[in-house]
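Novice: Quick note, the sequence shown lines up with residues 1 to 75 if you use full-length UniProt numbering.
Since the hints were made in silico from the structure, they are not lab data.
Possibly wrong hints are sitting among the right ones.
[Said to hold, decoys possible] In silico BS3-like cross-links for lysine-lysine, where the CA-CA straight-line distance does not exceed 30 Å:
1. 66 <-> 54
2. 24 <-> 7
3. 66 <-> 50
4. 31 <-> 50
5. 25 <-> 7
[To be verified] Listed next, with one range per pair, are the computed distances between beta-carbon atoms:
6. 24 <-> 45: 26 to 36 Å
7. 19 <-> 48: 37 to 47 Å
8. 20 <-> 47: 35 to 45 Å
9. 19 <-> 44: 33 to 43 Å
10. 65 <-> 27: 52 to 62 Å
11. 13 <-> 49: 46 to 56 Å
12. 16 <-> 36: 27 to 37 Å
13. 48 <-> 72: 30 to 40 Å
14. 47 <-> 8: 49 to 59 Å
15. 53 <-> 31: 32 to 42 Å
16. 8 <-> 45: 53 to 63 Å
17. 15 <-> 36: 23 to 33 Å
18. 17 <-> 49: 45 to 55 Å
19. 65 <-> 31: 44 to 54 Å
Idealized CB from N, CA, C, for every residue including glycine.
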Amino acid sequence: MGKNTYKDEDEYRRRRERNNEAVKKSRVKSKLRSQATHERVQQLQMENTKLEEKIGFLASEVEFLKDMLCANHSG
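Input sequences plus hints: build the corresponding full structure.
Specialist: Take a look at the structure:
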């Protein structure tokens, strides 16, 4: 019985070590994924800001051109 107990303890210890390594690997992978997502969010926010500025500029240009068109038709 004593021999089996040591063998079981060794097996348990090996399983715990493998599990601990798997958990570490999983946490690292999760952290990397989270960082990549955060970077992508920042990139998309910057792109969105630029596009909103462009929309504002183009809307102003449309209004200006409409005003010029109306002025030419009425004059």
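Novice: Please write out, lowest number first, the hints stated earlier that are contradicted by the structure.
Specialist: Hint check: nothing fails, all pass.
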